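Take a look at the letters that make up each chain.
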Amino acid sequence: MRKFLLFSIVIFTGIIFTGRLFYLQVYDVSAVVQSENNAVKAVYDYPQRGRIYDRNNELLVTNQPSYDLMVIPKDVKPFDTLALCRLINVEKERLLKSLNKARVYSPRLASPIITAMTKKEFALLGEQMRKFPGFYIQNRSLRDYQIDFGANFLGYISEANQADIKKDKYYRMNDLLGRQGVEQSYEDILRGTKGVKYLQKDKFNRTIGSFKNGALDTLPQSGNDIQLTIDATLQAYGESLMVNKRGGIVALEPATGEILALVAAPNYDPADLVGRKRSKNYTKMYYDSITRPLYDRTLKGEYPPGSPFKALTALIALEEGVMGLKENVYCRGGYNYGGRKPLGCHHHRSPVQMVTGLAYSCNSYFATAYRRTINKFKTPQEGMDRWKEHLESFGLGTYTGHDLPSGRKGFIPDSKFYDRSYQYFWGPTTNISNAIGQGEVLMTPMQMVNFTAAIANRGYFYKPHIIKNIKGRDSIPSEYTEKQQTTISPKHFEPIVEGMHGVYTFPGGTANFLQVPGIDICGKTGTAENKTKIDGKTVQLTDHSVFIAFAPKDDPKIAIAVFVENGFWGSRYGGRIASVMIEKYLKGEVTQKHLEKWLLEHSLEEEYAKPYSGEPFRINQ
Amino acid sequence: MRSRFSKSLNFDWVLLVLFFALVGIGWVNIYSATYDETSTRAFFDFSNLYTKQLFWIILGIVLIIFILSLEAKFFERFASVIYIGSLLSLVGLFIFGSTISGATSWYNIGPASLQPSEFAKFATALALAKYLSDIQTDIKTLQGQLRAFLIIVLPALIIIPQPDPGSALVYAAFFFPLYREGLAGVYLFLAFSIVSLFVLTLAVGPVIVAAAVLLITGLLFLKNKKKRPSKSLYLGVIIVSALFAFSVQYIFDNVFEQRHRDRFNIVLGKTADTKDIGYNTYQSEIAIGNGGWTGRGFLQGTQTKGGFVPEQQTDYIFSTVGEEWGFLGSSLVLILFMALILRVIILSEKQKNQFSRIYGYSVAGILFVHFAINIGMVTGLLPTIGIPLPFFSYGGSSLWGFTILLFIFLKLDSNRANEW
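Keeping their order, the protein sequence lines are chains Z and W. Using our numbering, read the first sequence as starting at 1 and increasing by one per residue. Using our numbering, read the second sequence as starting at 622 and increasing by one per residue.
Where hints are given, some of them may not hold.
Label-pair restraints from in silico Cβ distances [as the list claims (entries may be wrong)]:
| # | chain 1 | residue 1 | chain 2 | residue 2 | range |
| --- | --- | --- | --- | --- | --- |
| 1 | Z | 202 | W | 702 | 46 to 54 Å |
| 2 | Z | 473 | W | 662 | 51 to 59 Å |
| 3 | W | 699 | Z | 207 | 53 to 61 Å |
| 4 | W | 814 | Z | 4 | 18 to 26 Å |
| 5 | Z | 101 | W | 662 | 37 to 45 Å |
| 6 | W | 657 | Z | 12 | 49 to 57 Å |
| 7 | W | 702 | Z | 12 | 34 to 42 Å |
Residues of chain W placed beyond 10 Å of chain Z at every Cβ, according to the derived structure [what the hints assert, rightly or not]:
| # | residue |
| --- | --- |
| 8 | 692 |
| 9 | 719 |
| 10 | 731 |
| 11 | 819 |
| 12 | 864 |
It is worth saying that the hints were derived from the structure and are not from the lab. Predicted, not measured: the structure shown is a model, and the values here were computed from it. Virtual Cβ for every residue (Gly too), placed ideally from N, Cα, C.
Take these sequences, add in the hints, and give me the full structure.
Okay, structure coming up:
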């Protein structure tokens, strides 16, 4: 026994130690993570962000160097505080506060004093830097906008936050990433790949050399440039027309689905969200709940489409075979259904047929067509759902699938919706206003232009997209080159196109005065009633001015949808804008100077102020 | 008739190989722990710690040759002299000693410094072996126990106030030779009970410990009832244990300083401290854990390179092994140490001469206590007690102390054939 005590204790201890080592080294892996945090520092090298061009290769967005003033507190020697304050244009107290903060953070590590100085701000400071030991300048790259429009589809750059980092492991705190617009949609392409250098740290957090001799380090790869489908000239023109108005203009090339212009009003100068002024400007716009400049009305604004919807009502009626082309419908200033207040109409020639009905925008005609469509089926439920199917094939009531990060579905009601609202007791007359694009139907301007393009193409469309080319790859996502067929056979489109042509050409056509010599435009006016709530009371506001158009009639090069909030009747703002935009795009210049002049001179600010005035006001005047 | 030289080559090669393996591996790890990538110093610059250590190793080999060339009987004959000289060198520290990191444990000799407590261990071992092997000594008598105890405790008492309680603790190692030579088993039982009661009290509190003692003793009493056990003995055990448990709590709370309390609490897992006192252990565990199965590779340990583990070349050298050589490498080192200690025990048992056997057991005990406390501390199983890992830790005194300790035994063992 005495011989074996020490012997067995040694063996016992050895076993315990081996077990402990196994636990620490093999079983519990947290130490590896901990040690990487401890001892290895990753330093990132950020590549140049890809540039953005328009469809004619005009440079829209490039990069500018930006400069951060950094400080290593322990290296700071007494310096002329006031001189530095003057150079960087901050008060002394703020400078001292930043310095103190940096010292508290770490005397050995660099902290920023001023971030994102532009070249101009830096120019003064640069040559004086040697007077301020402990301070140095760190370069970064910021966006440099060559244009002062298009902020809604360009988006902006800001620092990654916790949520971004959680979503994508690529990002680290304070990395820059694209938000909104193409900066967000094509972030992966524009950002490139950052390079990384792993450095070995010591216990004081100082760098003592490269980690594993740089075996894991990578070089940065610059982002690819992208070309947008936007026509910068048209876009700029559109934005200038929309000054003092709210709403949107969307123009597409029907043959490809390329977005030529995406004008959201009001908009802002993209340069406002660059560098030091970004946060201040962003906050200001973010809290502007009245004009909502950050709210892209072209993609997110869900409006009742109004009369342009009649084109769809007509197409569905033709496809379902419930209206004859030559069939007369008499209209005496309204459409009577079931003894209730008639659905009103305006003065026009009567009777009307399909083509003239569209040209004169007769409510009675389309109410008839709608009612027959629904009644064709055994139950209104069946009819309603069939109707919705047709509309969905035009990209309505669903996402259009465009390549910008924001967007809404709009709304196309189905039978379930009315079953819920009316406890199964309803028919086509219950929701007869759907026939003329009022009622429950909602669309975004993007959806309106999309169905316009489908009509222009006589039956198909391509998903609207803003990407024309990714340089270096010379391709775009394949979903944008796939033809989307509607459920309406091509032969039914010709009368609709004729009717839309009549809107311009027929005497008494609703946009007759907007004709542009030399261009065969097809269009459709819309005057959309709308309501808002003031102090809990529903109040009707001045109608929205809506207009859709495409041109030329036989070989459409452009489809356009214009939506001007509270612009009253369709041809007033919407029609004028559509005409000059089409002419601008097709001819390169505007000959209809009187239209242009009228648009530039008229403002709707007064109209928009009415609901906020707190006083009773009159509408539609 | 063999020459004296060839006789001196007649030693245990296994021990020799183990010794050089440990010293060699130890130096490689010191090199890694003290290597500075950014340094432009030449290899043979003595401001490199690893160069210094290499120098101590070479001088250590000279020392080995010297020891092996001495007459084996020399150590037995001069044991008392060496012991007294060693005691004097320890006492002298109070007058001539210089203070390094809080402990007055060093003599400054030119550019180097010498730590006499490292040499007191083999001196004490020699003295104890000499005393116990004396024909007149009987370890079974109280007088014999007291004298042996005095030999052991004297150097420890001088070392404690330096202050270097870690080095003093090592003298507990002499319990092993005493026990081997016939110290009553009750001491072993007592020592074990005291340590367990101490740790348990700190871990779960005195009330539970007292209750547990009552329960266990009561059950034992009932089980042995037929043998008519002494009631007073059982009652005494219960009362003394309970008193001990409560006084441990009292001493812990009122006599110990906060830093001591902290060290215990960290090991017992009562406080999770990673910044102040627990920093060393925490960083050391991270470094070892970072090694994984096969380690980060020589000079590739990120914790080691970053110098996160304090005192990594001395007391925490094993964390370098752990990080750079992984589970496989550090297990190998454990096996080498165990092989060395077990080999010393086996050889001790073979000794015909009582002096050699007692000395051998002392060597094994000292090596074991150092090994167990050091690895236990580095892997976070024991509180922070700063003692070096034999043959591994940086430092000339420690290396030489252990070299002399081991090689005196090697010499004594080689002389085994001449004994009868």
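For this session: Starting from the hint list further up, note which numbers the structure goes against and sort them upward.
Result: Those not satisfied come down to hint 6.
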